[in-house]
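Residue numbers (this note's numbering), protein chains in the order written: chain A, 1 to 398; chain B, 399 to 602; chain C, 603 to 826.
Note that these hints are calculated values from the structure, not bench results.
Predicted model only: the values in this text are computed from it and were never measured.
Even glycine gets a Cβ: it sits at the ideal position worked out from N, Cα and C.
Check the hints yourself; a few may be wrong.
[What the hints assert, rightly or not] Cβ-to-Cβ under 8 Å is the rule here; a few derived chain B residues that face chain A:
1) 439
2) 443
3) 444
4) 451
5) 478
6) 482
7) 508
8) 512
9) 513
10) 517
11) 537
12) 548
13) 549
14) 551
[As the list claims (entries may be wrong)] Below, in silico cross-link-like pairs of lysine-lysine (DSS-like), each with a Cα-Cα straight-line distance of 30 Å or less:
15) A:204 to A:275
16) A:204 to A:307
17) A:262 to C:610
18) C:604 to A:262
19) C:815 to A:327
[To be verified] Derived CB-CB ranges, DEER-like:
20) C:654 to A:255: 14 to 24 Å
21) A:88 to C:653: 34 to 44 Å
22) A:227 to B:407: 53 to 63 Å
23) A:255 to C:780: 54 to 64 Å
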Amino acid sequence: MSNLPVDEAIDPLTVTGRPDGWNRPPLIEPDGEGELLEVAMGPHHPSTHGVFRMDVALDGERVIRLKPVFGYLHRNHEKIAEGISYLASMPYTDRLDYICPLTNNWAYALAVEKLTGQEVPERAEYLRVILGELTRFQNHASSIGFLIQEMGASGTPLMYAFREREKILDLFEELTGARMMCNYMRFGGCRVDPTAAWLDKTRKVVAGLYGFTEEVDRLLSGNEILMARTQGVGILRPELAVNAGVTGPMLRASGVNYDIRKVDGYSIYNRFSFKVPLGDHWDVYDRYMIRLLEMRESIKILEQALKDIPGGPVMDPKAKIRGFRPKPGEAYGRIEAPKGELGFYLISDGGPNPYRYRVRPPSLINLTVLEDMALGANMADVVLIFGSVDIVLGEVDR
Amino acid sequence: MAVDEGLKIELGKQGVLVTSLQELYNWGRRNSIWPMQFGLACCAIEMIATTMARYDLARFGAEVFRPSPRQADMMIISGTVTKKMAPQVVRLYNQMAEPKYVIAMGACAISGGPFKQGYNVLKGIDRYIPVDVHIPGCPPRPEALLDAFITLQKKIDGQHLTGEGRPRHLDAEAQGEFPVPVQGEHDLEPASNPGVWTVPVVIR
Amino acid sequence: MKTVEEIKAAIEAAVPGAGVEIVPNPSVSGQHSLRLDPATARAVGKFLHDDTELALDFLSNVTGVDWPDKEIAEKVKVTRTVTKTVDGVEQSVEETVDETRKRVEPGCLEAVYHLYSVTRKHGPVVLRMRTVNRTGQVSLPSLTPVWRSAEFQEREVFDLFGIVFEGHPDLRRLLMWDAFTDHPMRRDYVEPDDFDYEPTAHDEVLARAQAHKDAAGQGTEAGQ
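One chain only, chain A, in its complex shape:
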């Protein structure tokens, strides 16, 4: 059981207030038969999402309380960022959600551009969309792989997902010089201009991605075990999802049509035609399906962007990327990252470093509803529900 020191263990049975207006499912009371069991899952545990702990109270096999415990990867990103210049924080953003570094770069660049009013050349916008959608594709692919891994299908789907991911990482590496920590976007554009050969190679890779979604669809969507394990499990009602600030594929799987690419129309997303898939059963299977469908929509966007990408500079020649001092003020910029709404809130006091630097982490806020989804579920399903949230601890704890 738990080998944590006593003072650190939290009693999940001490129920605290449950204000009205949250639309939470009712708490389950123990039925009085048998013994209650308290299990500390983590921070080291066999699932693939890193150092995260859940204090679970069980009545037999049923979960009656669940308290997540965070902070095992709290790396003080915000504190460090307040002591360094705006540009110096860019490589740190790579390490927030380390599966999708480029969307993190993008959100941060967008927030700084809002703060300083910089313009981004058209070619750079296209590049950002291409890289952002490639990132979304590989994130959803690995996320599906991890989800199936947590169902006990050790290896195969994750191997397939990583095969695709490696192809996309090769593109990133060729363009930015790094497989994972790309550090590619800058305020007012992108760091390097891709060659025509890179764009051709990307077109080839994108043409092959359809095959992967087909393969996943054929392999998994109708799979009896997957359907039995995920359908009707971990239901999240839309009212609760909105109230709890859930965003991204989780929110859309609950049937709420809210995609920041459509709502804010940031960058040049209004030029592309794509659909926003929505779920109607609000369960783990829907979250799997939404990710699969979003991968297909990403391919559509990629094809359009790769067809239309114009020539020109990738950096605004007037843009200052280092040593600038924004006017005092503040800005909140957000994008639709693969995991949800990723926002950066910056306050400038006129100095070279941000006065306040805040990351709005979608993974952390999506976990707010973990207990509600897990109440009454079996212990084995908790890992599955947790996997369907799709979190990365680097972003949860920062």
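Could you slot chains B and C onto chain A? The hints should help.
Below, chains B and C without anything else, positioned relative to chain A:
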């Protein structure tokens, strides 16, 4: 008694295997290192990528990731160790059975890396547990992790079973368990384990 | 979407006695914010959430900001009487002199909320609340009962800034361990001195490693 290498090869061709207990023991040890399924941060993703088809860690006899420390031989510290996590890391290490090895993967595990200035970041895991191989990088590429495996295998291969410098599990005096730091009001207590780590002297 | 002035008017019409103040944002982003009076903040939140026209049903971001006590140096013109020798005769003369006076502006902790609407697809509306000071009176009303997404974020602000949210259902530390007593995101937080060894050539870190050695009485590194 050492056997001449040429003679050994010649006898091998005739179907006669000549070896020493030490060689046989080390051969067995080095080719079945089971790592613990234990990821901390960014580097864990590269660790997973290493086990996947393209890099295929299985070629080195180390693909069996065990979720339980009792069944694992090696711990890959794959990422930033925070002060909140450090006691758990030491405790997991203590729970592993001898012989056990540690690879510190990435800049954070070695020294805190880019997050060194963070108040909650441990400035190197070797302050609490002994580390066999350090791999620099942020994160190290899968090839670098493979290289660390090979380095560890070479290290195991070169060990003598008796005398000075013998493996820890064959030394009755050697320490196998290390004190777990306590989370205090401001910091971990103690800030490092003097039995494992002392401030290195920089010679320039 | 309504402008901040219109939202302010709507709030004041709906919640009597709500002291709402517009905080202009001089940056090009133009995201002006509304400062709420903590006494009525939850009623205002409820109104913003339930109002059909605003329908701010999605609380995106909650964060804290630390504004430490500021020492402001001001130049003041002061008139004073000086004794001077004019033409060999001592006289008292009135003279105007510039004098620098120091004034301490008390600091505070601030909580910032970013609201959006999922149904109407607009936003953001930025709300702010300030505590009385940074030491004793650091409590603010929690908005978690209105928007559940504040649950973990307010816990984080409590952990890192030390703002106590009254009415929060489960106010515990989120990121640091429970025995920890400091609030590390405050500007005056002193980090633990653990820079005893520094192999990199990063200036600031090297300076801190040297400071650690001086404090421990070890002197400079051998071999330098």
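### Numbers of unmet hints, in rising order
7, 12, 13, 14, 19, 23
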